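There are 2 protein chains.
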Amino acid sequence: MPQPESIASPQRVDIRLGDRSYPILIGAGLLGDPSQFDAVPAAASALIVTNTTVSPIYAEALQKTLAGRFRTIHVLELPDGEAHKDWPTLNLVFDALLQQGSDRKTVLFALGGGVVGDMTGFAAASYMRGVPFVQVPTTLLAQVDSSVGGKTAINHPLGKNMIGAFYQPQLVLCDLATLATLPARELSAGLAEVIKYGPIYDMAFFDWIEANIDALMARDPAALAHAVRRSCEIKAEVVGQDERETGLRAILNFGHTFGHAIESGLGYGEWLHGEAVGCGMVMAAQLSQRLGGVDAAFVQRLTTLVERAGLPTVAPKLGAERYLELMRVDKKSEAGEIRFVLIDKPGSAVMRPAPDALVREVLAHCGGA
Amino acid sequence: MPQPESIASPQRVDIRLGDRSYPILIGAGLLGDPSQFDAVPAAASALIVTNTTVSPIYAEALQKTLAGRFRTIHVLELPDGEAHKDWPTLNLVFDALLQQGSDRKTVLFALGGGVVGDMTGFAAASYMRGVPFVQVPTTLLAQVDSSVGGKTAINHPLGKNMIGAFYQPQLVLCDLATLATLPARELSAGLAEVIKYGPIYDMAFFDWIEANIDALMARDPAALAHAVRRSCEIKAEVVGQDERETGLRAILNFGHTFGHAIESGLGYGEWLHGEAVGCGMVMAAQLSQRLGGVDAAFVQRLTTLVERAGLPTVAPKLGAERYLELMRVDKKSEAGEIRFVLIDKPGSAVMRPAPDALVREVLAHCGGA
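Residue numbers (our numbering), protein chains in the order written: chain A, 97 to 465; chain B, 97 to 465.
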């Protein structure tokens with residue numbers, strides 16, 4: 097990697113949302129190939145939003161690739177990490193756009209992981225009430241999940257992703273070559289969201305992940321390519337049916353109710369989002385078992401896979417009351433009642449409330465209480 | 097006023113936008129009638145967002161009217177005025193929503209003028225990526241323009257309404273009785289947006305406004321009712337054709353390019369938005385005349401009407417360069433070229449650039465240079 101052959105014929109997955117449809121392109125080396133950006137609307141100017149970690153590796157290359165499309169291309173580096181997914185950092189994007197005389201056609205490029213993608217997307221949704229943007233995810237987590245489907249947001253001190261918009265990009269470009277430079281911890285975090293698609297939607301994919309977890313951890317290009325592609329296919333199917341999460345889409349939050357509480361309770365950035373989701377899936381599976389959806393063998397299987405992906409399966413000890421308090425501000429809650437995404441049978445998920453007593457049991461069992 | 101008869105049968109204008117359609121109800125005393133809120137979706141909780149000026153007059157009444165619909169109804173008072181249409185003030189809404197355990201179904205009510213409506217709308221668009229909201233405009237400006245059509249925004253130090261969303265309310269409820277408590281300066285500001293609809297769309301309405309300007313200034317209930325209704329009808333027709341301002345809708349910005357420069361250049365809140373628009377329309381008419389769209393008699397007619405509405409027609413002396421600089425960050429600009437809404441013939445507007453030399457002439461003529 098990069099592999100020139102795969103540039104010639106990237107994999108393509110389509111998000112079908114009527115006039116908000118767009119392609120996801122998947123392949124090694126795409127970031128350096130100008131022809132991969134043909135779906136991007138014409139404009140005088142572009143802004144590449146990235147972070148201090150990713151910028152030195154890829155910003156210049158992307159700027160060069162886009163040079164033929166825009167008269168001016170600026171690069172804005174944000175501080176790295178979930179702790180900066182907040183209003184003051186978002187406002188740096190607005191400052192840059194206004195200082196550079198950007199207009200309603202200016203195209204934003206999100207070059208980085210989930211935090212950069214979420215913030216750039218929300219900036220694009222809000223600047224002049226909406227400008228076009230492109231996702232160029234450079235982490236596994238962003239390629240398999242956060243860059244796809246139009247969820248954008250920033251955090252509020254009282255809750256994760258509480259301020260945002262559903263706003264679709266014009267194109268998602270997953271350059272698999274960028275995964276080669278990913279820190280090991282980020283690779284594992286991404287695998288959490290890959291694993292997620294199994295229990296909620298596709299047990300055949302879960303079997304495949306189990307059989308290939310060592311290859312994925314070793315960054316085998318073919319294994320990563322399949323994991324990204326199948327993950328995007330599943331996400332595309334779900335989002336295509338329920339863009340604004342009025343029902344089905346909520347299943348993609350498997351592990352996220354517990355996970356968000358961990359992230360928020362420890363302070364954003366202490367655990368990576370994917371790490372919290374990994375542990376959160378184990379907790380949600382425990383809760384599913386207590387409600388009769390899956391058996392102990394399934395919970396053990398998931399727990400083992402999460403561990404093999406290098407992810408934590410023991411929850412931080414925040415105390416049961418704090419977990420419950422944090423989970424009550426989850427976006428899925430209604431009238432103060434926490435609603436969990438639970439596995440009702442392997443490969444199928446539902447959203448439902450659970451008795452506090454059972455949640456406490458799970459928290460005690462997993463180390464959180 | 098309030099007139100009980102009109103509660104029984106408010107005027108209704110429909111905004112037709114497919115699954116985002118909603119009614120505008122217009123009548124005296126509506127705010128006190130629970131049955132007028134039947135279009136509001138059911139939820140456990142509601143938040144009335146208002147300001148320190150409007151709250152003491154109407155918040156309790158609205159809370160009482162809504163009492164049967166929600167288990168809890170909180171009231172949040174924001175500081176009054178355009179100077180506070182910014183992020184820190186918007187964040188007070190998010191703080192309140194999160195502190196009160198609001199969920200995805202919580203309904204926001206914007207009780208106040210354009211600033212409250214714009215901020216509450218953007219808060220509703222962004223909180224948990226979108227919750228329902230209702231506009232209860234209590235100023236003439238908000239009733240005839242800003243509460244209708246889903247434009248929401250906050251200001252950025254470098255430009256007005258630069259950060260926002262197109263996000264439609266569930267209902268707009270124009271209680272004409274609230275106009276009785278409006279300060280004279282606010283009444284005039286609202287008349288600017290009423291007058292606007294004439295030159296760009298409906299010269300018969302312009303004739304009517306000319307004939308009834310004294311009645312409007314005297315707050316004659318029948319005159320105000322007609323002005324609000326006809327304004328909403330025109331806005332509904334325009335927005336129904338072009339929700340996201342890709343073309344036609346831009347004509348509603350007649351007078352706003354000069355006007356926003358005045359507001360921003362003087363500091364938000366120095367002139368009311370409607371005052372800046374009043375003067376801006378005179379300037380845009382002057383520019384239209386220089387480009388052959390209207391004759392001197394038309395410009396004089398508009399100028400006289402703006403004056404009779406109690407609005408300024410002499411621009412603040414910011415200097416031509418400053419005006420040009422401020423107008424270049426207007427949302428209608430493209431690649432640094434200012435685009436004006438100009439009258440190509442009375443009752444019809446177009447958006448187009450204009451030579452800087454002509455703009456300077458207008459600025460000199462109107463006192464701005």
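By construction, these hints were calculated from the structure, which means they are not laboratory data.
Quick caveat, the model's predicted, so the values are computed rather than measured.
Take these hints with a grain of salt, some might be off.
Where chains are identical, the list cannot tell them apart; a pair therefore holds if satisfied intra-copy or between any two copies.
25 Å max Cα-Cα, derived SDA-like pairs, lysine to any residue [stated by the list, open to error]:
id, residue 1, residue 2
1, 413, 454
2, 413, 386
3, 413, 116
4, 201, 449
Original post:
Which of the numbered hints are not met once you compare them with the structure shown?
Top reply: Hint 3 contradicted; others consistent.
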